[in-house]
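Add chain H to chain P, keeping to what the hints say.
First to last, the protein sequences are chains P and H.
Going by numbering that gives the first Met the number 0, the first residue of the first sequence is number 0, and it counts up by one from there.
Going by numbering that gives the first Met the number 0, the first residue of the second sequence is number 0, and it counts up by one from there.
Hints in this document: simulated from the structure, not taken from any laboratory.
Note that the structure is predicted; figures quoted are calculated from it, not measured.
Any given hint could be a false lead.
Said to hold, decoys possible - Straight-line Cα separation of at most 25 angstroms, DSS-like style, residue types lysine-lysine; simulated pairs:
id	chain 1	residue 1	chain 2	residue 2
1	P	K156	P	K170
2	H	K170	P	K99
3	H	K61	P	K94
4	H	K70	P	K94
5	P	K99	H	K110
Stated by the list, open to error - Computed beta-carbon distance windows for the label pairs:
id	chain 1	residue 1	chain 2	residue 2	range
6	H	T156	P	D333	54 to 62 angstroms
7	H	G82	P	D215	50 to 58 angstroms
8	P	K261	H	A33	56 to 64 angstroms
9	P	W38	H	T138	49 to 57 angstroms
10	H	D119	P	E204	56 to 64 angstroms
11	P	K94	H	D119	45 to 53 angstroms
12	H	T138	P	E188	46 to 54 angstroms
All C-beta atoms in this analysis are idealised placements derived from N, C-alpha and C, irrespective of residue type, glycine included.
Given next are the chains, with one letter for each unit.
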Amino acid sequence: MANPAGRKIYWILWGVLSMGVGGYLTAGLLMKSAAGNPWLQPARTMFLPGKTTHGHYQIELACESCHANPFGGRDALQESCERCHGQELKDAVDKHPRSKFTDPRNAELAEKLDATMCVTCHVEHRPEITLTMGVTLAGDFCAHCHKDIAEDRPSHKGMAFNTCNSAGCHKFHDNRALYEDFLAKHLNEPAHHPRQQIPARNFREVAAAWPGYPVDRFPLKPQTAADAPADLMQSREAVADWLATAHATGGVNCSGCHKGEKDGAEAWVKRPDHKVCATCHESETKGWLTGKHGMRLAEGLAPMTPGRARQPMHAEALDKELSCTSCHGAHRFDTKKAAVEACVGCHRDRHTEAYERSSHYTLWKKELAGEAPAGSGVSCASCHLPREEHRAPGTDAKRVLVQHNQNDNLRPNEKMIRPVCMSCHGLGYSIDALADAKLTLENFAGKPGAHVKSLDMVAQRLKELEEKRSKKSGSKASADERR
Amino acid sequence: MKTSKVLAAVMAAAGFVGAAPTHAQVSYKDMADALHAVMESDRTVYTRMVVNRLQNEEKVIKASEHFKDDKALPLPAQMFRFGAEMVAEKKMPFSYSLQSLWPVNKQNLPKTAVEKKGLDAVAKDNTKPFYGEETLGKTKYFTAIYADKAVAQACITCHNEHKDSPKTDFKIGQTMGGVVIRIPMK
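Pulled out of the complex, with its shape left as it was, chain P reads as follows (with noise of 0.2 angstroms):
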């Protein structure tokens, strides 16, 4: 048996070692820091209640992100959804937006499912009931309030209660490709169309008539000799880089993006990171911000790596940090290489490693060898990091940038039927394709197996509605005669 003064070390060193452990976890779990600290990270890991979903796990020890208000309920968790979703369901033409809900009307059918609130049907951390596209619902959502739905639309009858959100037909918030007079627009195009090219990109011509673009700064002259001071001027290789780009004959020198803001040592920023970029590339800024390749650094998180993915990734690349340059390259910024190589330089998934088999990578290749136009030539960007028309901040021109967040048509990928696929594509063929898991994963190497019957249905729909027309209008005739 222990002597008393024995005894008594024991218990001063649990009380240590508990005021030690409590400490260290209160510190992980309260310091706001502790997500970009590697020593408290451990400890904030240990308050993580379940497996993140896809969407947030890069964040996932930023736990003020999405509770900012840890006492606040269900209204705080709803404010910092909308603060990264709120403006792309805007965009989107939310097909259940919350006024749907909200309306006195419909109270019997926001007490079943209170869709006010995104978190009644994506809840954090509950893998066990998460389905696709993070609902953590189960799947007859749309029966509560469209059980009825054969009534209005008899080709609808018999219908399982989970193929409406699941058959290629329609989605809960994002209908712009799906709606039913978008279909009888698009009825029976050709698999592809005569002119297959995506947009050209316009910023020179935009930024010309655009007021808010820093004209003193970057004079919209092209740049012959560099302006960065002689003793830090160290590579000639990377002027050689510049006096290539869109940069120098754009009126964007080395001082355009390395001159700091303060005097002294900061006078010139030697590598300067995206905050500099979006002087001029905001809103590719903002996308990339809110896509996975920049969330961490959006939520003051230390930069994306591929080793932090949870998607295979080729082991040299792992401890890469993303920023703009990361894709794009110094100096040289290269879309071409940024479109291609600095995607497969990392990502080593099934889908990615089918590319160079695929009729688009052939595409790609004839547009680099200058055997094709541009934008005719298919590349991972032409998918995932789309050009889109946007209208320039200040004036009435539009804008054909590229949209830098490379999840926002991903999920669900009907998303990227109207700005991708049917550049080249008819409406029809782009369904199918996209609905046909397996063909999608081998990068569209070959035809569309699936076959989604919602434009068939539209063409049946409104054949239909014609010969009751003419019926009408033929009895209506006959009585007039009669008469």
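Leaving out everything else, chain H in the frame of chain P:
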């Protein structure tokens, strides 16, 4: 009809009358009538002076349900709904919508007993509004329903020719539906 009184304090809290004196009182009915006067006027102005003039008379631009895709004007019914959605976002203590016994979108058929009764009433006599009270969810509402009439050729052409319209013989001046205004009762 029982005229329920809404204390100015309640209205002030809701932002209607700012720092109004506490003795001022507005009845639910008067409040609904006032809101409807604004809604009906704006709706008529948009339908006649924008949609009907530019689409039907001048033929310079069309109005379309898919106005973004078609680079067209929003339909008057959408204009009305977007306003109602913006009011809902502001969390104001009233809501409004457009319902009909013959809607293009089936979601706009009457759902509650008061809506059914009210839409029937204004279809029969479009000179008088219908007022009622109903409990939806856990809240009691004062519900007012006003006739929504065809004020321009654009209204009847669009509805009579729409593939989803259950009624194809609307005439100018006829009731096409009703504006439903709800105010939660204290």
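Checked hints:
Distance check on the hinted pair: P:K156 and P:K170 sit about 19 angstroms apart at the alpha-carbon level, within 25 angstroms; holds. With a C-alpha separation of about 31 angstroms, the suggested pairing of H:K170 with P:K99 is violated against the 25 angstroms cut-off. As the CA atoms of H:K61 and P:K94 are separated by approximately 23 angstroms, the hinted pair is consistent with the 25 angstroms bound. Only pairs whose Cα atoms come within 25 angstroms are accepted, and H:K70 paired with P:K94 is accepted, the gap being roughly 20 angstroms.
Our distance criterion of 25 angstroms between C-alpha atoms is met by P:K99 and H:K110, whose separation comes to about 14 angstroms. With their beta carbons about 55 angstroms apart, H:T156 and P:D333 fall inside the hinted range of 54 to 62 angstroms. For H:G82 paired with P:D215, a C-beta distance near 43 angstroms fails the hint of 50 to 58 angstroms. Under the hint 56 to 64 angstroms, the C-beta atoms of P:K261 and H:A33, about 58 angstroms apart, fit the expected range.
For P:W38 paired with H:T138, a C-beta distance near 52 angstroms keeps the hint of 49 to 57 angstroms intact. Checked against the given bound of 56 to 64 angstroms, the beta carbons of H:D119 and P:E204, roughly 59 angstroms apart, stay inside it. Taken as a hint, the range 45 to 53 angstroms is violated for the pair P:K94 and H:D119, whose Cβ atoms sit roughly 30 angstroms apart. Checked against the hint of 46 to 54 angstroms, the pair H:T138 and P:E188 passes, with Cβ atoms roughly 49 angstroms apart.
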